[in-house]
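Student: Chain residues, written in single-letter form:
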Amino acid sequence: MELRALAFLTSGILVGYSGLAERALAISDKIISWLLLFLFFFIGADMACKGSLGELLRLKGREIFLPFASLLGGAAGALLAGWVVGASLPLAAASGVGSGYYSITTVLLKEMADPTSATIGFLANLMRECLVIVAAPLLVRLFGKHGTVGIAGATAMDVALPFITRSAGREIAFLSFTSGVVVSVLVPVMVPLSYRLVERIFGV
Amino acid sequence: MNVFLFLLALILGICAGKTRAPRALVNNSGKALTILIYALLFVVGIEVGGHREALTNLKEIGLQSTAICVGAVLGSGLFSRLATGGGDKEDGA
Chain H
1 MELRALAFLT
11 SGILVGYSGL
21 AERALAISDK
31 IISWLLLFLF
41 FFIGADMACK
51 GSLGELLRLK
61 GREIFLPFAS
71 LLGGAAGALL
81 AGWVVGASLP
91 LAAASGVGSG
101 YYSITTVLLK
111 EMADPTSATI
121 GFLANLMREC
131 LVIVAAPLLV
141 RLFGKHGTVG
151 IAGATAMDVA
161 LPFITRSAGR
171 EIAFLSFTSG
181 VVVSVLVPVM
191 VPLSYRLVER
201 IFGV
Chain G
205 MNVFLFLLAL
215 ILGICAGKTR
225 APRALVNNSG
235 KALTILIYAL
245 LFVVGIEVGG
255 HREALTNLKE
265 IGLQSTAICV
275 GAVLGSGLFS
285 RLATGGGDKE
295 DGA
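Chains as they are written, first to last, in our numbering: chain H, 1 to 204; chain G, 205 to 297.
Same shape as in the complex, but just chain G:
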């Protein structure tokens, strides 16, 4: 499905939240989010388990996910440090 459909849904949601139209719907958005995420994870799980090839090459999956994790950690750590002033000058302890 198109990414723009998701953005459209997001914008519709923001409008619904701002206009305060159906109160009961919007007020429970946190609860709805939790339920939707759980349902989605369950269905995605079915897909992952059902497509057995997704689980066959565990070595490659492990390597790639570890590398991506390490890269993301180093990148966000360095960028965040630089963006906020290159370090904590008051970092005594």
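Here chain H stands alone, though its shape is the one from the complex:
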């Protein structure tokens, strides 16, 4: 699944770079906008069917804050780091909100901004996913079990789940999955919203 997403993006880049798709390039903006509308429609239908946000109610105590802390912390940290290196602030915040869900984040950033921003958002979120896979034991030592689930963001429900449970114990699996589901549901909405919000606040 993940490799296929990467393959589609890469083959698109190759086709675009080769100049084979000059005509497609002229209308690709429109194509993306329309596909996104359908995408959001089906995200909504999917949410309603599975009752994804209802998963939240199965968390106990303060664990219910975890997915929101993950999103908010990601946005704040990325915003700060983006400011330090002189990145576009809306881009930094939206990429941080991306939570490792790089396919959606990339596409949304292309729509909100430009191809370069999409590339940055893609790489930042791909790295985030890879980091959890590679460095889960270290992350558990530094940030604790809950912190690691937060760092995994949307990937805590699938790609990163086995690596998290291996390092943080099986008892975290349910929380990890649930947090990942909630974050995944929120990412498509929060990425464009955070982009526009930061754009408003900082006037860039």
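Because the hints were derived from the structure by calculation, they are not lab data. Fair warning: there could be bad hints in the mix.
[As the list claims (entries may be wrong)] In the DSS-like style, the derived pairs of lysine-lysine whose C-alpha atoms are separated by at most 30 Å in a straight line are:
| id | chain 1 | residue 1 | chain 2 | residue 2 |
| --- | --- | --- | --- | --- |
| 1 | G | 222 | H | 50 |
| 2 | G | 222 | G | 235 |
| 3 | G | 235 | H | 50 |
| 4 | H | 60 | H | 50 |
| 5 | H | 30 | G | 235 |
| 6 | G | 222 | H | 60 |
Based on the hints, put chain G in the right spot on chain H.
Tutor: Structure of chain G alone, referenced to chain H:
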């Protein structure tokens, strides 16, 4: 395109899912999502590849994406830890 159009599409989707109107459409929403994401990634790829300036400044792109990744990881790690109670007290192992 306006963000609110996307939210509108999302709400329409939720309504379609709740009202159980066209079953075949809603039941296959997971499959439709996968196909749409792949198609979108392909078209976005064409855009990135076609606008060569998007790929010229690789050093800057690498720096910014790494910084954003590090910031997001530190931020979400700390916030998540604090929000759930400042650490795992039962963290023995």
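Student: Hey, residue 60/H versus residue 50/H, does the alpha-carbon distance stay inside 30 Å?
Tutor: Holds, at about 20 Å.
Student: Residue 235/G and residue 50/H were given as a pair; does the straight-line alpha-carbon distance stay at or below 30 Å?
Tutor: holds, 14 Å
Student: Is residue 222/G close enough to residue 50/H, meaning Cα to Cα at most 30 Å?
Tutor: Holds, because 10 Å separates the two Cα atoms, which is no more than 30 Å.
Student: Hint check: residue 222/G vs residue 235/G, CA-CA at most 30 Å. Holds or violated?
Tutor: holds, 18 Å
Student: Is residue 222/G within 30 Å of residue 60/H, Cα to Cα?
Tutor: Satisfied, since the Cα-Cα distance of roughly 27 Å is no more than 30 Å.
Student: Straight-line Cα separation of residue 30/H and residue 235/G no greater than 30 Å?
Tutor: Answer holds: residue 30/H to residue 235/G is near 23 Å, not above 30 Å.
Every hint, counting from the list given before, is met by this structure.
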